[in-house]
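*Asks:* Throw the hints in and build the complete structure from the sequences for me.
Taken in order, these protein sequences are the chains called X and V. Counting from 1, one number per residue, gives the positions in the first sequence under our numbering. Counting from 1, one number per residue, gives the positions in the second sequence under our numbering.
These are calculated hints, taken from the structure and not from any lab test. It is possible that some hints are incorrect.
[To be verified] Chain X regions said to be covered by chain V (calculated; three or more residues, Cβ under 8 Å): (1) 36-42; (2) 80-90; (3) 136-144; (4) 177-189.
[To be verified] To give a feel for the contact side, a few chain X residues facing chain V, derived at Cβ under 10 Å: (5) E45; (6) V147; (7) P151; (8) F158; (9) M159; (10) L193; (11) R194.
Note that the coordinates shown come from a computational prediction; the quantities given were computed from them, not determined experimentally. The beta-carbon is built from N, C-alpha and C at its ideal position, and this holds for glycine as well.
Listed below are the residues making up each chain.
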Amino acid sequence: MTACTSVFAVSWPRETRTETTVLEQRRQLDQFLADVERRALRIAEIAVRDRDEALDLVQEAMIKLARNYAARSRDEWTPLFYRILQNGIRDWHRRQKVRNRVMVWLGRGQRGEDDYDPVATAPDPAARAPAEVLQSREALQRLEQAVRGLPPRQREAFMLRTFEGLDVAGTAVAMGCSQGSVKTHYSRAIHTLREQLGDVW
Amino acid sequence: MSKEPTNKDPFADRTRELFHESVDRLDGATLSRLNQGRQRALAELDRAAPHGQWLRWVPVTGVAVAALVAVMVVNQPGQVDEPMTPTDFEMLIEHEELELLEDLEFYTWLELADAEASGDVG
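*Replies:* Dropping the structure here:
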């Protein structure tokens with residue numbers, strides 16, 4: 001066997017394993033993102049009140065996860081993804097604050113905040129009775145308004161725990177804080193929401 | 001760290017149910033854009049080098065940021081409630097659209113021209 005064929009004999013199986021690993025990693029990441037993307041979009045949309053902005057934030061989070069954390073175990077992806085997304089949402093709010101101050105300074109006023117209603121235009125795939133649909137949409141609208149009214153960290157804890165279903169440890173990773181803080185934020189959020197919405201349901 | 005079993009709290013269950021209904025109601029165009037975003041993310045797995053596209057805007061944004069900060073330091077507006085730092089502007093402009101950059105450059109030029117005319121600058 002020549003030197004050349006020896007190299008081929010040694011390296012070929014390794015390359016095949018690597019290719020298999022990359023393909024498997026891509027498949028798993030695709031599956032993970034497909035599973036999480038719609039909930040992530042709605043969570044971001046509730047936080048920023050704009051679907052286009054929310055789509056950008058979710059895409060940015062997906063790209064950053066793929067770029068930086070694809071090699072991590074799948075169990076870590078959910079809290080890491082939401083940590084990236086929450087950071088993006090916080091940056092977005094900070095940019096909006098600065099942007100509005102610049103616009104005020106330039107004498108061009110602020111963007112309207114009350115002209116967005118994602119619920120009103122959404123179709124109803126379940127084809128329920130109009131009264132039932134209306135009741136459900138009104139309840140959702142009130143829920144979203146109440147969630148948006150929460151302090152940012154309570155809102156994050158509530159949405160990650162209730163909407164995404166993360167446990168306390170996962171929520172702590174996603175929020176970059178202790179598990180005790182998560183419990184406190186979540187408890188306060190639930191208390192406030194129950195006070196505001198309890199009579200509706 | 002994983003998903004938790006369903007919470008038995010009826011209030012939390014109801015909010016979760018409403019949320020998932022809204023997720024199920026997402027329209028086809030939105031789902032298509034999510035899919036496109038996911039494909040872009042997966043394409044990252046094939047790239048060895050990090051993105052550097054934002055560097056294209058460094059010369060433009062650098063000038064706009066420096067000029068605007070200078071103008072805002074010279075002309076303290078009454079409506080701004082707290083001082084803005086260069087970092088704030090960098091953060092804003094790094095993600096902003098071209099229209100805002102053009103606006104900033106125009107208003108910066110306008111302010112500087114006014115300031116020069118009144119003898120505040122230079």
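*Asks:* Please go over all the hints and tell whether each is borne out by the structure.
*Replies:* Checked hints:
1. Under the rule that three or more residues need a Cβ within less than 8 Å of chain V, the assignment of the segment 36-42 of chain X holds, with 5 such residues.
2. Restraint check on the segment 80-90 of chain X versus chain V: 0 residues with Cβ-Cβ distances below 8 Å, three needed, restraint violated.
3. Given as covered by chain V, the segment 136-144 of chain X passes the check, having 4 residues with a CB less than 8 Å from a CB of that chain where 3 are the minimum.
4. Three residues within the 8 Å Cβ limit are the bar, and the segment 177-189 of chain X against chain V gives 0, so the coverage statement is violated.
5. Hint status for E45(X) relative to chain V: holds, with the closest Cβ pair at about 9 Å, below 10 Å.
6. Interface hint at V147(X): satisfied, since its Cβ lies 8 Å from the closest Cβ of chain V, which is below the 10 Å cut-off.
7. Interface hint status for P151(X): violated, as the beta-carbon distance to the closest one in chain V is roughly 17 Å, over 10 Å.
8. Using the Cβ-Cβ criterion of 10 Å, the hint placing F158(X) at the interface with chain V is satisfied: the shortest such distance is roughly 8 Å.
9. This hint holds: M159(X) has a C-beta 8 Å from the nearest C-beta of chain V, less than the 10 Å allowed.
10. Here the hint on L193(X) is kept, as its CB sits about 7 Å from the closest CB of chain V, short of 10 Å.
11. Of the supplied interface hints, the one on R194(X) holds, with its beta-carbon coming within about 6 Å of a beta-carbon of chain V, less than 10 Å.
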